[in-house]
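In order, the protein sequence lines correspond to chains A and B.
Read in order, the letters of the first sequence are residues 1 to 245 in the working numbering.
Read in order, the letters of the second sequence are residues 1001 to 1203 in the working numbering.
Derived by calculation from the structure, the hints in this document are not laboratory data.
Mixed in with the good hints there might be a few duds.
[As the list claims (entries may be wrong)] Pair by pair, the computed Cβ-Cβ distance ranges are:
(1) B:Lys1193 <-> A:Ala44: 44 to 50 Å
(2) A:Phe149 <-> B:Pro1026: 37 to 43 Å
(3) B:Val1071 <-> A:Ala10: 46 to 52 Å
(4) B:Val1071 <-> A:Leu219: 23 to 29 Å
(5) A:Val37 <-> B:Val1071: 19 to 25 Å
Note that CB positions come from ideal geometry on N, CA and C, so glycine has one too.
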Amino acid sequence: MSGAETEEIARRVLESPLQRSGDFADLGVPVTTALAVLVLAIVAVTGLLGERRLGQTVASALGFLGLCVLPVFMMLFGAFTTVERSKSIAFCHSCHAAMNPYVTDMKDPKSTTLAAVHYNQRWITQDECYGCHADYGVWGSADAKLRGFAHLYHWLIGSETAHGVKQIHTYRPYQNQICLGCHAGGAGFVESGRGVHMTIASNLVDRDPKTGADITSCLACHGPAHPKLEEWKVKQNQRSAPAPS
Amino acid sequence: MEGQAKSALGPGAELSARDAVWLPGPRLRRRVLLVARILIALAAVMTLIAVNWLSALTMSIFLIFGQAFIVVGALLALGIAITDVLRLRGVSQVHFRPGEVIFRQGDPGDLVYTIVQGEVEVIREDEDGAERLLARMGPGEYFGEMALISDAPRTATVRALTDVEAVSMGGADFTTLYAYLPGLRQRVEATMKQRAARTAVSR
Chain A
1 MSGAETEEIA RRVLESPLQR SGDFADLGVP VTTALAVLVL AIVAVTGLLG
51 ERRLGQTVAS ALGFLGLCVL PVFMMLFGAF TTVERSKSIA FCHSCHAAMN
101 PYVTDMKDPK STTLAAVHYN QRWITQDECY GCHADYGVWG SADAKLRGFA
151 HLYHWLIGSE TAHGVKQIHT YRPYQNQICL GCHAGGAGFV ESGRGVHMTI
201 ASNLVDRDPK TGADITSCLA CHGPAHPKLE EWKVKQNQRS APAPS
Chain B
1001 MEGQAKSALG PGAELSARDA VWLPGPRLRR RVLLVARILI ALAAVMTLIA
1051 VNWLSALTMS IFLIFGQAFI VVGALLALGI AITDVLRLRG VSQVHFRPGE
1101 VIFRQGDPGD LVYTIVQGEV EVIREDEDGA ERLLARMGPG EYFGEMALIS
1151 DAPRTATVRA LTDVEAVSMG GADFTTLYAY LPGLRQRVEA TMKQRAARTA
1201 VSR
């Protein structure tokens, strides 16, 4: 391998660090594919040959396996695999035209928004959208995906918010607990700003019973998380405008 | 008389169709299995597409329709599997529509049937595919015992001529009764001889 090739590989590794591999979610694709192919094969064989050619016992056993047992495993593996893979930025960005300003800004190394800082410093190493937008807890993922169906519906009917024409809003005030899930307990968090976090600790944890919003949102001091749509459009127009001669 | 028939199995062997468990006939069974196969096959295709070409659309279709198809298809197939087990054990009630084939020549023997209401025809299919009518049977008569006793495939096809209400008995139960009840055995053997003679005459 020449020196130039080695240099090129090293640059590629530094620019695009290795993603996780070998975990259960990666195994889901081949396993689910194999199950689906097996189910199709059994359905075809039992349907085409029938009980007379296969024999009643073999046909019944294959039918039970191919129509009752394997489909259930296919359903479980398929759901797990698709939900896990749908947490990636690429997936969120693939159909959410409304997300384009936020993803573009997040990847901008000059941007100072919270999302951009977290992304560019790699404080969250994977599934960055999902890391901040699926509430922690048992129902967090399910709730996020159910809302995803509503997003798809709005995108299909041509809603202006879904297509990035109008400003989108979160369904409810952003919850401090998502930030605290990573930051709470860290020495930097506890001691920063001469311990201001600990001084207003109850404000960070308690919520307004009427609105459900935290008394003091993390974003009040550290925001914004993303640029406003209009601000981003202005910024994009300024960048695309020809430089004065 | 509705729901009851004097059985050709002998005195005291009257069967009450109302007391037997109702189970789907072969046509309904085939249709349900076909629906289950189609649903499961569609779900498998949706799964393949969603997992290998993931997008919001493919994922949504899989999670909404694919999963529903799997649940419905698997439950239908499970229902058929349970009725198959029930059918082979004990006595159950079954309905056949006119023209419906109850079993075909060459099928493995699994059940013996007693006609409660309606009429069936017994047909022998020759090697050249021509059909020959062997007999017609009505209420009180039974058929399907020969394949069970001789442990051989069905020797003829039986088809419903009218709406037929029948009571079926699992092969294992029938052969047990056949082995331990001499009276039943004698009557069945006599009937089999009569039928064999009738078949020979019709050749």
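Right, here's what the structure says about each hint:
1. B:Lys1193 <-> A:Ala44: 44 to 50 Å: holds (45 Å)
2. A:Phe149 <-> B:Pro1026: 37 to 43 Å: Hint holds: Cβ distance 41 Å, inside 37 to 43 Å.
3. B:Val1071 <-> A:Ala10: 46 to 52 Å: Check passed, 51 Å falls within 46 to 52 Å.
4. B:Val1071 <-> A:Leu219: 23 to 29 Å: violated (42 Å)
5. A:Val37 <-> B:Val1071: 19 to 25 Å: Roughly 21 Å apart at Cβ, these two residues keep to the hinted range, so it holds.
Of the numbered hints given earlier, the model fails hint 4 alone.
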